[in-house]
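**Student:** Listed here are the chains, written in short residue letters.
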Amino acid sequence: MSRHRVRMVVRDDLERSRLTVGLRLILAIPLGVWLALWSIAAMAASILNWLATLALGRSPGPLHRFMAAYLKFTTQFYAYLRLAANPYPPFDGGDGYPIDLWIGPPERQGRLGVLLRLPLALPAIAIGAILAGSTSFPGLTGTSSDPISRFSPGGLAGTVSILGWFAILARGRMPRGLRDAAVYGISYGAQLWAYLLLLTDRYPDSDPMTAIGGLPLREDPIRLSGEDDLRRSRLTVLFRLPLSFPHLLWLFLWFLPALVAAIINWLATLALGRSPAPLHRFLASYLRYQVSVYAFMFLVANPFPGFTGAPGGYPLDALIAGPVRQSRWGVLFRLLLGLPALLILGVYSSLAWLLAIFGWCSSLVRGRMPRGMRNAAAMALRYQAQTLGYLLLLTPSYPYSGPCRSVPEGPRIEPAPDPPRGLPPLGLEGPGPPPAAEVG
Amino acid sequence: MMSALAETTPALHKRRVRLAGMGALGLVGGGLWVLSAHALWHTSVPALALARVDPRSLFSAAFLKRSSAYERLLGIDRLLGELALLGVLAVYARRGRRLMRESAAGPVGTGMLLGMLGFAVVWLAEIPFSLVAVWWERRHGVSREGYVNSVVSGFLGLGGEFLFVSLALLISMGLARLTRRWWWAAAAPLFASLALLSSFLSVYLIPETEPLSDPATVGDVRSLARIEGIPGTRAEVQDVARFTTAPNAESVGFGPTRRLILWDTLLGGRFNRSEVRAVIAHELGHLAHHHILKRVGWLILFLIPATILITLATSRLGGLGRPEAVPLALLVFVGLQLITGPLTNIISRHEEAEADWSSLRATRDPRAERDLFVHLATSSLVDPDPPSWSYVLFDDHPTIVQRVAMVDAWQARNPGR
Chain A
1 MSRHRVRMVV RDDLERSRLT VGLRLILAIP LGVWLALWSI AAMAASILNW
51 LATLALGRSP GPLHRFMAAY LKFTTQFYAY LRLAANPYPP FDGGDGYPID
101 LWIGPPERQG RLGVLLRLPL ALPAIAIGAI LAGSTSFPGL TGTSSDPISR
151 FSPGGLAGTV SILGWFAILA RGRMPRGLRD AAVYGISYGA QLWAYLLLLT
201 DRYPDSDPMT AIGGLPLRED PIRLSGEDDL RRSRLTVLFR LPLSFPHLLW
251 LFLWFLPALV AAIINWLATL ALGRSPAPLH RFLASYLRYQ VSVYAFMFLV
301 ANPFPGFTGA PGGYPLDALI AGPVRQSRWG VLFRLLLGLP ALLILGVYSS
351 LAWLLAIFGW CSSLVRGRMP RGMRNAAAMA LRYQAQTLGY LLLLTPSYPY
401 SGPCRSVPEG PRIEPAPDPP RGLPPLGLEG PGPPPAAEVG
Chain B
441 MMSALAETTP ALHKRRVRLA GMGALGLVGG GLWVLSAHAL WHTSVPALAL
491 ARVDPRSLFS AAFLKRSSAY ERLLGIDRLL GELALLGVLA VYARRGRRLM
541 RESAAGPVGT GMLLGMLGFA VVWLAEIPFS LVAVWWERRH GVSREGYVNS
591 VVSGFLGLGG EFLFVSLALL ISMGLARLTR RWWWAAAAPL FASLALLSSF
641 LSVYLIPETE PLSDPATVGD VRSLARIEGI PGTRAEVQDV ARFTTAPNAE
691 SVGFGPTRRL ILWDTLLGGR FNRSEVRAVI AHELGHLAHH HILKRVGWLI
741 LFLIPATILI TLATSRLGGL GRPEAVPLAL LVFVGLQLIT GPLTNIISRH
791 EEAEADWSSL RATRDPRAER DLFVHLATSS LVDPDPPSWS YVLFDDHPTI
841 VQRVAMVDAW QARNPGR
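Protein sequences appear in the order of chains A and B. Under our numbering, the first residue of the first sequence is numbered 1, with each subsequent residue one higher. Under our numbering, the first residue of the second sequence is numbered 441, with each subsequent residue one higher.
No lab work stands behind these hints, which were simulated from the structure alone. Here a beta-carbon is modelled for each residue, glycine too, at the ideal position from N, C-alpha and C. Some hints here could point you the wrong way.
[Claimed, not checked] One side of the interface only, derived from the structure: several residues of chain A facing chain B at Cβ under 8 Å:
no.: 1; residue: Pro-119
no.: 2; residue: Phe-245
no.: 3; residue: Gly-306
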């Protein structure tokens, strides 16, 4: 598969000036005014570009260059506003900014695709509203009055920038996860607008694994692994939601003892400085089961999951490390500390739902889940697992909000408890573990 | 040679003893089954020689023609739908096991998936037939349900159906894995217990209900419940007028949860007070004669042979404990349900007749009962005297002419009313 013709170029070193970050909104006002003026011109140019591309089958060079410069400036502006970059951006959308956009030269485009560009872009606009926030291009989109942006105001990029603001003021650096999450959102927004402005006919790619080059290699104590060939059974896709009902009911029934276990685990970890192994095992099973149920429901994986949450029981498996020592202060204030992660989780949950809807339509027609959607939804599930694992004290590691790659070897997986003697197994266990491979 | 014979003879003897034991057990079981069926069949309706009522004496020729045409198409549609159902399940029984590859669950979880998908393909296959029925009912002004709504509500309803199927398969397959061929002995009473629980709680699962507020009707419910020996029975109204114009009522629950559910299409002046009283008395008759509990009893009597047949049918595939046996088990179960449908209808008509009789005894108003039956037929376009095939296959109530004949019979026994 050829690479997207609109790509992010990241040269940011994460260092931030506390002064400019503290005043970032005010400092961005001149840039915002300039963007609004430029947007008026861009809107007129976009209509001309649409007509010209419809006639010629290719965007004319001068118009393409003008729109590309506009999109580069917009990207730089939002990278600055969302704290994904530190320096004040140039007003001409020139090259060399730490968060920059590379846009390929004009290419031939199908006229039908050009004619129907706006309706074709509707799914991407909905995804863009969650990832980039619908206000990321105010000159063109107006206010955030659409229902999706009300659901996640500011989108992923906006949410992480708020959290990043506090982190930078405290540490003078933007955390890598937050920066990459913001860049991922801005990157999707840029691809979306490049598609809408006819700079390319490539549909925006929601794949977080390809949005940014040089993703960090991480060995998180909670991560997802597995293999998936993207094939989806149309029959089980059609009935995916009702097929999930038994699992959702079981998950709810499991939630009640899990809640009790979580409270006991909190007290025990506070006392011992480490989660007791049986409680850790029980809560890890619950978490693994939840991941497999959501992976099935959101079409991140194909097969119907088992009911036990056994390790290795599902193609998309949550790898959960064993109990480790934890700071008692961190344990005591875990819920409070988890609030920022819950904010981001809200955005990722919206993303997973939306991708499930679009993925459902696509899988039903093609019998395959688009890789980008699958990987984005898998990342959302990974973040959800990490957040819940953090809140359940399965790990002291804070959830990593950005896209990343995982180290090939998984952390130690707890062995499944032996079945009770004297009775044949009821057969709710899944097959053996699949070979590990990262999915998001 | 001698030693081989010596070995064979005790084995043969043991086999014969086992067969004899099984036969005796079967005979005892069969006897108990018959005795139970006899007890459940008991009715308070005296032996009546119902006179033949000419439908032309009750309805206009135009109505008879219209209702007959209306019900004929619905009957044919339903028959074709059931044939399609059997066909689809037969194909699924042969090919359904391929879907095992879509599961990462163990045998029971995979069995659940196959069970749910079986119902899913059945639902898909039946969409055309249900749409024809909706079209026909809308055309005759009986239904107000939209086509899209019909399909969407059916799809959403699958969620509850899937939960039920999963639970049933969890129990059946779990028991089959634990007790091998004898799972049915535990499954039948367990399912009956669940049915009992479900009947007990069913009142809480009926949507869009509110307590009956009309003082006159509330008073009628109170007085009739006292007469029928079930004082304190509460009544509720269900909002169905958005979907249908057909009037109906039902009785649900038992003990503290017994309720009378009146559709709002029955109230609001469409039926006069005497007719509504007759409906109330009929439904109270069901509660007074414990028909809901009797249904559970009949369910046990159906489930015992049904589960034994499923055991025999699936033994070739390793028994119901194995997921690949689930599609076949579905075919056997649904096939048995369809085959025993006419018998189930006989039982249902028997109970409905008892409820009618109970209503006559409680209201002592044969004129209202007769008017009600005529009114019900005209409101729902019910064929008062359907053809035999339709009656045998689908009618779970006595025909209108039979019900009117029972009114006449009651009147003959109670002259002056």
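**Student:** Have a go at the A:Phe-245 hint: is there a Cβ in chain B nearer than 8 Å to its own Cβ?
**Tutor:** 4 Å, holds
**Student:** Restraint: A:Pro-119 near chain B, CB-CB cut 8 Å. Satisfied or not?
**Tutor:** 22 Å, violated
**Student:** Does the CB of A:Gly-306 sit less than 8 Å away from some CB of chain B?
**Tutor:** 4 Å, holds
In the structure shown, a violation is registered for the earlier hint numbered 1 alone.
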